[in-house]
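Spelled out, the chains give:
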Amino acid sequence: SQQGEEDPQALSIQEGENATMNCSYKTSINNLQWYRQNSGRGLVHLILIRSNEREKHSGRLRVTLDTSKKSSSLLITASRAADTASYFCATWGSNYQLIWGAGTKLIIKP
Amino acid sequence: EAGVAQSPRYKIIEKRQSVAFWCNPISGHATLYWYQQILGQGPKLLIQFQNNGVVDDSQLPKDRFSAERLKGVDSTLKIQPAKLEDSAVYLCASSSPGGKETQYFGPGTRLLVL
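Protein chains in written order, with our numbering: chain Z, 483 to 592; chain S, 508 to 621.
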């Protein structure tokens with residue numbers, strides 16, 4: 483079963499706007515990761531946030547983690563056409579498997 | 508540093524035929540994963556290797572899927588015979604040992620079964 487569930491399933495915004503997507507998970511975690519998947523490319527790791535961290539930044543990316551609500555959010559600021567992709571959150575299951583959500587499909591309109 | 512390599516990138520076969528995918532992980536990465544990703548879904552783990560041993564293959568349909576990593580480096584995933592529902596992208600990933608860290612993915616093989 484899926485551990486992470488992303489919300490919304492799809493998001494379409496104008497270039498330059500900020501994009502926020504959310505992830506909810508079910509069990510306790512050590513860390514939570516966000517990945518991006520462009521058309522024709524494999525999954526690319528974006529950022530990892532550990533369970534004792536509340537917020538982490540990487541360039542135009544900002545990730546927050548609320549372990550009490552079992553949720554995380556990914557904010558992309560000043561979006562660009564190249565940010566068009568699907569974004570997945572993933573958490574580790576009890577048997578050292580990464581468990582993935584179904585992803586948020588982000589479209590940046592020029 | 509070279510990334511995870513996969514081949515072929517695309518494959519079209521008819522049902523009941525067999526197909527094989529190849530993966531070469533990042534040098535030094537002991538852990539190798541094969542995932543199946545159906546359109547519109549997240550990846551689903553098929554099998555995980557630690558060196559040349561299988562750590563988890565609980566979601567591998569063993570009646571038709573097989574995988575090996577004989578020398579603890581590159582790996583092959585085979586489907587025989589293929590079914591229509593096997594149409595998907597097959598992703599290979601690797602990670603350094605140590606547990607719950609980042610996985611690095613190859614570009615994937617897109618399989619279409621007709």
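Just so you know, these hints were derived from the structure itself, not from any lab.
All values derive from a computational prediction rather than experimental measurement.
Wrong hints could be hidden among the right ones.
Claimed, not checked - Simulated crosslink set (DSSO-like; lysine-lysine; CA at most 27 Å straight-line):
| id | chain 1 | residue 1 | chain 2 | residue 2 |
| --- | --- | --- | --- | --- |
| 1 | S | Lys551 | Z | Lys587 |
| 2 | S | Lys551 | Z | Lys552 |
| 3 | Z | Lys551 | Z | Lys591 |
Hints and how they fare:
1. Between the alpha carbons of Lys551(S) and Lys587(Z) the distance comes to roughly 18 Å, so the proposed pair stays at or under 27 Å and holds.
2. Distance check on the hinted pair: Lys551(S) and Lys552(Z) sit about 22 Å apart at the alpha-carbon level, within 27 Å; holds.
3. As the CA atoms of Lys551(Z) and Lys591(Z) are separated by approximately 32 Å, the hinted pair breaks the 27 Å bound.
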